[in-house]
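Can you build the whole structure from these sequences, using the hints too?
2 protein chains.
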Amino acid sequence: MRIGEYLIKAIEETGTKHVFGIQGDYVLNFYSQLCNSRLKVINTCTEQGAGFAADAYARMRGFGVLCVTYGVGGLSVANSTAQAYAERSPVLVISGAPGVSERQNNPLLHHRISSFQAQFNIFREMTCAQAVLEDPDTAGIEIARVIKTIQETKRPGYIELPRDMVDKDTYEQVLAPQEPVSCDQEIIDQACRAALEMISKAKNPVIIAGVEVHRFGLQDFLLKFIEHLKIPFVTGVLGKSVITENHPQFLGVYAGAMSPDSVRLAVERSDCIIAIGPMLTDLATGMFTHHVRPAQTILVSPENLLIGSHSYPGVSMEKFLELMILLPQPKLNFQPQDNTQVPSFIPQSGKKICVERLIACINTFIEDNTVVIADVGDALFASLDLRVHGDTDYFSPAYYASLGFAVPASIGVGFAASEKRALVLTGDGSFQMSAMELSTIARYGLNPVVIVFNNSGYGTFRPMLDGSFNDIQPWEYADIAKIIGKGKGYTVLEEEELYAALEAARDNKISPTVIDVRLDKYDCSLRMRQLTDNLKKRVK
Amino acid sequence: MRIGEYLIKAIEETGTKHVFGIQGDYVLNFYSQLCNSRLKVINTCTEQGAGFAADAYARMRGFGVLCVTYGVGGLSVANSTAQAYAERSPVLVISGAPGVSERQNNPLLHHRISSFQAQFNIFREMTCAQAVLEDPDTAGIEIARVIKTIQETKRPGYIELPRDMVDKDTYEQVLAPQEPVSCDQEIIDQACRAALEMISKAKNPVIIAGVEVHRFGLQDFLLKFIEHLKIPFVTGVLGKSVITENHPQFLGVYAGAMSPDSVRLAVERSDCIIAIGPMLTDLATGMFTHHVRPAQTILVSPENLLIGSHSYPGVSMEKFLELMILLPQPKLNFQPQDNTQVPSFIPQSGKKICVERLIACINTFIEDNTVVIADVGDALFASLDLRVHGDTDYFSPAYYASLGFAVPASIGVGFAASEKRALVLTGDGSFQMSAMELSTIARYGLNPVVIVFNNSGYGTFRPMLDGSFNDIQPWEYADIAKIIGKGKGYTVLEEEELYAALEAARDNKISPTVIDVRLDKYDCSLRMRQLTDNLKKRVK
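Quick mapping for you: the protein sequence lines, in order, are chains A and B. First residue of the first sequence: 1, per my numbering; consecutive thereafter. First residue of the second sequence: 1, per my numbering; consecutive thereafter.
Rather than coming from a laboratory, the hints here were simulated on the basis of the structure. Just so you know, nobody snuck in bad clues.
When chains are identical, the list treats them as one kind, so a pair holds in a single copy or across two.
Distance condition first, Cα-Cα at most 30 Å in a straight line; then the derived DSS-like pairs of lysine-lysine: (1) K536 x K168; (2) K201 x K319; (3) K537 x K40; (4) K148 x K319; (5) K488 x K521; (6) K420 x K509; (7) K148 x K224; (8) K486 x K352; (9) K482 x K521; (10) K509 x K482; (11) K40 x K521; (12) K40 x K420; (13) K536 x K9; (14) K537 x K9; (15) K488 x K351; (16) K168 x K537; (17) K536 x K40; (18) K352 x K482; (19) K352 x K536; (20) K40 x K482; (21) K482 x K351; (22) K168 x K9.
Here's what the structure looks like:
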């Protein structure tokens, strides 16, 4: 089988149906093979847009593929790949490359960085596995190895495909599935006893449902665990909605000092925190303002199980959840609550919109099939208070924190799950970086609703240090649809206008809708104020 | 002196007056120092836009500075930095970074890639010198070393500035100027004799004036050399206009099979080619279709002097040009020509515009202060036939070949030389990647004329392999000014409309003008046809 065809076959076997990217002459004949396959190629305006789309697709479906040309394409997805690495999104990056035969005598070929090795070296810093398919004899096994490592680690991988190798024959390879990490039964029993003891003694235990539960596909296990023990749970910034927020045991999103008091106290006054796959990043902990006592914590991560100060190597997240379901239920006073309702929003006539009321209004428009994607900034911080219905139907780059993710991510969501509908929350600074991808959305007939939190610049930085560098040129965001030939746009200043625009957006199911919400320059959510107070201390 | 202030002082000493970038919390207090200095900070919409602007600024002024935040900022300028490396543009990349004290215990700080070392490792692949200013005692000398290496090699350099180091005191450092490479007088004499012999025997010698003459600031030397020997000269794709194209000895732009016949024959039938600082890239040689006999070639590069097959180590480009001026003039039949005129263009009523006539028309609008910036694609290939007046008043990324360079590059030109005016030639695919930077242009009151070669997609690839991946969503490019609040726009289909739009653009000196030239999907310049015929052979 030819190398290119085998690569396509291996991608198809992951369940992937779409490939995102922009072509170029070094990858042109592989594109030709892609177009003749069952995979659908989705072309974005920029390579970074394709990178974010593939990342979102991977978060939704467990695998995503990005295909670009050498140098100019590869380096243009460095940032999106780094984000996928940091936040554990399993994206395969395929880069075309000059042919092996062309590289003889080290010629100055276009798109070359410094040496022909440079791009490989760069991607080694941000992928879990790398291969240059320069030898037909090993290409098959290299493809299998990279894809398997992506699936096991939930991190991006890198395959470089010299253009004269695409049609060369290689051997098909199937790697043996990874042996589950064997674990000593004695250790398992010890872990069980220790967990049981800590949980059964606890008066007010709480579960932190972390993002890695989603990345490793363990939501069903976690849900069983939560419902069996009847312990209330919170989620984190990255893992918001990993279990549906309609669940009667859900308390809210915990993020250190950035949390609502009720959630913060439930966690920080708990005498037993069971944290499953959280990523303890600075933003997730409200800039390390979280107050959690290790002695009263069970920390379950993909790499380790810690109960108090005791480590139980080899007990995986899955194994731990399985075991916990067998434990007797602790006796608790926790009263389940009705989380299915959100407060109604009645727009006030003539009232200028503010962030707090914007979120309250959006909340009433979230439906069962809504996927919320938030860009970094107050779009993220404020949106932590939205009530998302489905499992993992909220995401944002809340750790690596690259601006301009949300609009192109909605392309990935559109193709990953056509029954869903993306609700994009973006700042005006972020939107200026990513607005061109509305064109891709229009081209492929997707229908996200894009809400621009327009506060005239980089609002997150203003409380830390203000200056003209936080300002941006004002745009008529609502008119972008006129440029790209498709879509609706609304500029709203008051609550009634906002409500009407959201109603119109809900009904426009055939094209993108942009709602430019004109906010006061210094308005922000309570959560952002709490965060920036802490960030400010760290700037110097 | 504080590290941040010393960095600013060192930048000022290069003659640089502007810094391009986008801030972020890791670089915020350095931004504060920048804003209090004489340097002017220019904020773009995307970091890559800032990267291209700094590159163009560096090409114009000999030094450019880019300042971004960690991770999301750093990796977003990887592609533009690689281009600056490949094409020898001396750009200093400054990246903010987490404080040294914050890195203890290896925390998951936002914008972190994999390790805290990753960004440094990545930039090592595309810069000539690197430093992390983590030690106040050495920060001063590290700054001096990186800047000196940039100036000597004409390649980008990288400085990473942890945010808790900005206000720490360091020592000011002045590095000794580089000793000129000493050269044995015997070798110089030998080189002189060999060059004299080859040139004096020649019946039809020709000079190739290459891009590295410009990068090392030797245009005046080269001009003296050319005028002293009265030998005709050509330029290359990267070095187009390194000497004014109005010069009576100028023959045209040479690029292998991509050259006009008159230029190609002048070079390939020459019995003595004197190539000064050319970069023999694939695009510059028409995909290595150039026919040049080494035995009849004098090849002068920054690193070496080759006369025939004989190498003369240590004879620099500057030294060689100095020596040549002392040689007796060869007797030649070459007749200087009047290159000051271009054929007039009379628009034909009702005639649809084509690439060939578009270039002919633009040619009549080029003025003495026009700087032409061409994006890769037919905007580049076709524009090789434009007659540029000034020295190095044409540039394009004709080697590394990243799309979307030209619009943000015009920002760099605007600040590098306020008496000049940028004429941007871009394809529609390129423009969709870079159009947001018109907003930056509007914000700062710059006035480039942007001509969109709108052929409904990635036209360069269509002759190689066509498919839907070469198509893009059609936009109303002329209406972008309405979104960004400033500027003029024209959509032109016919010659008379084009002419009128160029007249209007010439007169609009206060804001950007976009001219959307609707071309046939398969129309292209003769040069592009010649190139793609050769590229096509290499795709597989």
